[in-house]
Amino acid sequence: MLPSQQGYDRAITIFSPDGRLYQVEYAIETVRRGAIAVGVKAKDGVVIAVEEKPRKLQISENAHKIFQIDDHIGFAAAGYIPDARSQADNARFFAQSNRIVYDEPVDVETVAKHLADQCQQYTQFGGARPFGVALIIAGVDSHGNSLYLTDPSGTYIAYDAVAIGSGSEQANDFLEKNYKADMSLDDAAALATACIYLASDQKEGTDHIKMSEIKTASRQFVKVSEEQIANYAKAAKQKFPTPNA
Amino acid sequence: MLPSQQGYDRAITIFSPDGRLYQVEYAIETVRRGAIAVGVKAKDGVVIAVEEKPRKLQISENAHKIFQIDDHIGFAAAGYIPDARSQADNARFFAQSNRIVYDEPVDVETVAKHLADQCQQYTQFGGARPFGVALIIAGVDSHGNSLYLTDPSGTYIAYDAVAIGSGSEQANDFLEKNYKADMSLDDAAALATACIYLASDQKEGTDHIKMSEIKTASRQFVKVSEEQIANYAKAAKQKFPTPNA
Amino acid sequence: MLPSQQGYDRAITIFSPDGRLYQVEYAIETVRRGAIAVGVKAKDGVVIAVEEKPRKLQISENAHKIFQIDDHIGFAAAGYIPDARSQADNARFFAQSNRIVYDEPVDVETVAKHLADQCQQYTQFGGARPFGVALIIAGVDSHGNSLYLTDPSGTYIAYDAVAIGSGSEQANDFLEKNYKADMSLDDAAALATACIYLASDQKEGTDHIKMSEIKTASRQFVKVSEEQIANYAKAAKQKFPTPNA
Amino acid sequence: MLPSQQGYDRAITIFSPDGRLYQVEYAIETVRRGAIAVGVKAKDGVVIAVEEKPRKLQISENAHKIFQIDDHIGFAAAGYIPDARSQADNARFFAQSNRIVYDEPVDVETVAKHLADQCQQYTQFGGARPFGVALIIAGVDSHGNSLYLTDPSGTYIAYDAVAIGSGSEQANDFLEKNYKADMSLDDAAALATACIYLASDQKEGTDHIKMSEIKTASRQFVKVSEEQIANYAKAAKQKFPTPNA
Amino acid sequence: MLPSQQGYDRAITIFSPDGRLYQVEYAIETVRRGAIAVGVKAKDGVVIAVEEKPRKLQISENAHKIFQIDDHIGFAAAGYIPDARSQADNARFFAQSNRIVYDEPVDVETVAKHLADQCQQYTQFGGARPFGVALIIAGVDSHGNSLYLTDPSGTYIAYDAVAIGSGSEQANDFLEKNYKADMSLDDAAALATACIYLASDQKEGTDHIKMSEIKTASRQFVKVSEEQIANYAKAAKQKFPTPNA
Amino acid sequence: MLPSQQGYDRAITIFSPDGRLYQVEYAIETVRRGAIAVGVKAKDGVVIAVEEKPRKLQISENAHKIFQIDDHIGFAAAGYIPDARSQADNARFFAQSNRIVYDEPVDVETVAKHLADQCQQYTQFGGARPFGVALIIAGVDSHGNSLYLTDPSGTYIAYDAVAIGSGSEQANDFLEKNYKADMSLDDAAALATACIYLASDQKEGTDHIKMSEIKTASRQFVKVSEEQIANYAKAAKQKFPTPNA
Amino acid sequence: MLPSQQGYDRAITIFSPDGRLYQVEYAIETVRRGAIAVGVKAKDGVVIAVEEKPRKLQISENAHKIFQIDDHIGFAAAGYIPDARSQADNARFFAQSNRIVYDEPVDVETVAKHLADQCQQYTQFGGARPFGVALIIAGVDSHGNSLYLTDPSGTYIAYDAVAIGSGSEQANDFLEKNYKADMSLDDAAALATACIYLASDQKEGTDHIKMSEIKTASRQFVKVSEEQIANYAKAAKQKFPTPNA
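Chains as they are written, first to last, in the UniProt record's numbering: chain A, 1 to 245; chain B, 1 to 245; chain C, 1 to 245; chain D, 1 to 245; chain E, 1 to 245; chain F, 1 to 245; chain G, 1 to 245.
Wrong hints could be hidden among the right ones.
As the list claims (entries may be wrong) - Residues from chain A shown here face chain G by an in silico Cβ test under 7 Å; the list is partial:
1. F94
2. Y102
3. D160
To be verified - Distance ranges between label pairs, derived from CB positions:
4. G:G144 with F:Q238: 35 to 45 Å
5. F:D182 with E:E204: 23 to 33 Å
6. A:D207 with G:R92: 45 to 55 Å
7. D:V101 with C:Q220: 23 to 33 Å
Source of the hints: derived by calculation from the structure; they are not laboratory data. C-beta atoms are modelled at their ideal positions from N, C-alpha and C, and glycine is treated no differently.
Take these sequences, add in the hints, and give me the full structure.
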């Protein structure tokens, strides 16, 4: 948590004497406090995963932090999740409009840029707070497999693998050590799972893990089944043992 | 009650240094202070119930905290009830528009998402406070029986059974212990009644209990009669004895 | 009077840390400070009465706190009376529109809900303060006799008998003790008069009492004459003696 | 003068913890500080008078605090006079519109209600301060002679005789003692003059008195000549001697 | 200079507890600090004069504080002069519109009222400060010669002679002593000149005096030449010797 | 630099108790801190000059503080230069519109008044700060040679010669001593150059001087070449030696 | 970092007593804290370069701080990069509109002026903060090679070579010492590279350097390949050794 900053942090559209936008930094803090989300690009697809701990009677069939945007695009979120849903709706509309206007699926980077542009607007104009959520966008388009990160500042960056949210610093170090450019999607999913074990206080089981993947061949963003997640978890334990497990 | 937070809680659209939206948290506190509302999904229907203590000369024929949205959907509210009425009107209009446009009844999740989307908007844009109410939405549609919870943050989550408002923490524990996936609607109603006894300081009688249910077969959201509530109350005492009764 | 609340009470659209909307509570305090208004539903009609103490040269032919809305509906107000006039104008327009659109008199509850909806809006959106007035709405429609209470929070509730304003707590206790469901309109008017004697510091005479009634048979909201009020006052002294008279 | 109220008096659309609207009370204080205005209804007409002390070279042919609205209506003002002129313009337009739409002169009460409705609006909505002026409206219409008072709160009340502004409390007591329902217009004018002597520090002469009257027979709002005011002043001294003269 | 008033003077549209509008009073203070302007009505015309001290290389052919509005109307200003120009532009447009609509020159009072109405609006509505200037409006129309004063409060008053700005209190006393209703325009101009000598620290010469006049016969608002001002100055020294000269 | 003024200087549209508009005074302070600009009117033309010190690799072919508005008009600025560019764009559009509507070049004074009117608007209405720049406008039209000064208050004044910005007080004294009404354009340019030497800390060379001139004969606003400026600088040293050189 | 300035720095559209716009200065501080960007104009083209340090798994194929605007124009940014993207989108739209309207490529200065005009607007009007980014715009048009700098104040200036961001003061000194007007594009690129070594804490390698160039002959803004950057780096070490390398 950042210390309070003499009022420069009380209004959105204002710089502090040292040239910082505190509201944007606080929104990023919201992301940091959220449960971990992770994305890994493989040679034959892309996988994203989140930690979700449902209450006992909650129906957790569908992930609340993973959103499908189009056939070939989806994202995982960390931070203030209702904002992620708002961005998902916007992205879906944007992707559909693109299909109607150009008669072809939208590029993944185009969606990432569009969402980041929106984030930037909310940091410059009054009347609304910045978005309190970061997104890991996964997709496959004519340029191949893509993985993008957007954050509340309006930045978007392409990654081979990235984690956001609580524990993401360790997870990113772990990714940097273990990521390989020619990974199979199965290994990528196992690595993503290992990252969640690393960040979570729940070191066993998979009921707190949600995952979606998209294969280069099919270009279909699909939910990974619980059985399959269990397989990835087993592989994770073997191939990517985490220091604190 | 949460302690005051140095002014970060005086404006809606502002993050605190630790990434929190205090106005949203305070609105959730409003929900916590409201009388209990509870919803339970059964194999043959869904039931929702609220505690309402009318003054002596108040006409309490109709519940003030249970709202019918469409033939097949209704909700129970906890918190600032005039806001619930505002959300009910909005949901009715939304459901009717859906019927006109698509010529079929709206899905329950679609309504839950619509109401949660509205809540999210009120947390991001200036000029209005967040909604001060949480809703337990019950309905039956082509996907079967549904029970959703929305709250002031703009979150919506599907549950098998859930309680909100004053005493809901105990009630949720009680639900988790006693809920069974293959419950009959009668048992579900008795369990909901038990939750109200658990949370209320009135441990006998039913004049403080309002209830509505919807059967999978009929897909009609209907008010439960006082006699029937009395039956459920009897069953509750036998099947789901509460620790403090 | 409530103590000042560290600034959470300086803006309309803001929750306090304990989930309260202070501006709404202060508006209700305005109601509490107003002179008493009372309504009683009888088997053959509904009566509403207010205390009004005109200055000596004021022309008090017409009540300032009782407003006719349509042939079959009227209301009595306590609190900031210019706001009541504003709500009356709005309700008249609403009732007339209903006649034009549906070619039949509007239901009493529909008017009560409409006025309460307006109140709710003024508690959620910026740019205006909440209404500072509560209303006791009396009417007869196809559902029979009706008596509704609306308040600044946007709540509306049906009552058999209810009092608002200064001294209304005692008056409501008195109503609860003395109200009978099968009362005649004459007895109801006497009971209402007794409530005003109870709350007022003027324990004799009727120049401070204004009253209107609507009979089930005629469905005409009419002013009660001074002579008739005097008769009710006599009946009140006999049938409903007040403790402090 | 009222003491400052911890900031509850810094914004228009806000209630204080004890349910008061301080800005409205301060606007009424503006009225209280203004020079006296008085109106008296007689059996054969209505008279209004104001105290105006012009500087020596000011041209005081026309009263600055008495405004004609229509042939049959005019008003006298106390408080912030430029606001009175704004209300006069509005009332003239309203009266003319009424003539055009209904082809008959507007009722006096209709004008009074219209002006009071405007005042109420300025107490509820942001972006403008309340009006700082009270008006004594005199007129003759098909209902006979009328005298209305409007104030910054949005209240309007019919009176037989009433005074506003500095010294109005004494003047109202004096009116209550001396007013008679069957007074002639001449006596009413003398009584109004006496009230101004009572409130003013100038106890002789008439150069500080402006007066207009409207006779029941003519229904024409007219300025009273200086000679006629002098006659009324003489009559005032004889018929309504003031304690401090 | 008035003392600061605890924040009641920080916003335009707000009354202080003693019923004052401080922003309006401060705007009048702006007028008081401006260089003197004076107007005198004669039997055969009207004259207005201002003190203007140009820097040495400033081109002072035309007065900056005297504005012609129409053939037959002009005004002199004291206070924040750019505001006077804004009011002049508005008045010219208003006067021209009047000519087009009614095919005759606008009345002087109509212009004065229009400008004062504008001033009143700026004291009541948010989003702009009051005008910081007072105007002495001179003209000749079918009602004869006219002289009006408007100020930031929205007041307008007819005068035979009046001064505003720094030193205007003494000047007004001087006018009251020396003004005569049957003065010639020459004498009026000399008197106006004397007032400027009285208020200014420059007691000789005429390079700091600007003057315009309008004759009843011609109804043409014209600039007074420097030679003519010198003549008036001589006459002033003889006929209206000032105490401190 | 002016001392801080208890908050009266924190909002644009507000008077201080002594009738001042601090934001306007601070904007004028911005002008005072800017590098000097100077304008001199000659019998056969008008010249304007500014001090500009480019960094070593800056391309200083064109002056950044001198703007051409139309063939026959241009201005030099001191203060916040981006605001000058905004005013220049506005003036160009205004001048072009004039040509299209009236089919003749706009008068110089018309442009000066238009720019000053804009400045006045920004001092009265909320939502924007005043302009932070003063302009010396030079031009030739059917009235002959013109030189105008506008400042953030909305004032515009015609001058024979004037300087603004840092050191302008000395420069204006110097102008007053040395200016002659029948100067040639060459002498005027030399005088302007001398003023810049006087105000600048660079007492030799001409790489910090930019100049434009307009001849009465050609009515073409043109840039003065570096060679010509060097000539003027030589003449300045001889004809107008400055005390501190 | 500048010290806090008593609240004059809390709102955009406000001057401080010493005539400064603190929000603009703070935005410029944001630029100063950003990683270095540099531009150098050669006789046969223009080159721009930035320092970018990607995380290990970030895909850094494309520069995030260099934006192509049209075939013949691009820019490098320092400061808050999401704002640069917003300005890039705006500039692209502007350039395309120019092509459509005039059927020819837009001038580089026209784009620079357009972007600076936008910056100025954001310093004068409320509702949004200033842009927090400075841009080095490179292009070739009919006027030859161009290099412009825009900053948050709304200033734009042409340069032969310029650096912005962290360490730019040293870099600009270095440019001034080493820049030659007849440099080849290869030498210019080596000099730009040297500037980045000077400012960066990474004194070897080129994975932190991104570069684009545009040749006078081709008028095509193109990315410089990693191999070519390595060549430039070698040349930089030889031709432009930096003091701290």
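Each hint, compared with the structure:
no. : hint                           : result
1   : F94                            : violated, 15 Å
2   : Y102                           : violated, 17 Å
3   : D160                           : holds, 4 Å
4   : G:G144 with F:Q238: 35 to 45 Å : holds, 39 Å
5   : F:D182 with E:E204: 23 to 33 Å : holds, 29 Å
6   : A:D207 with G:R92: 45 to 55 Å  : holds, 48 Å
7   : D:V101 with C:Q220: 23 to 33 Å : holds, 28 Å
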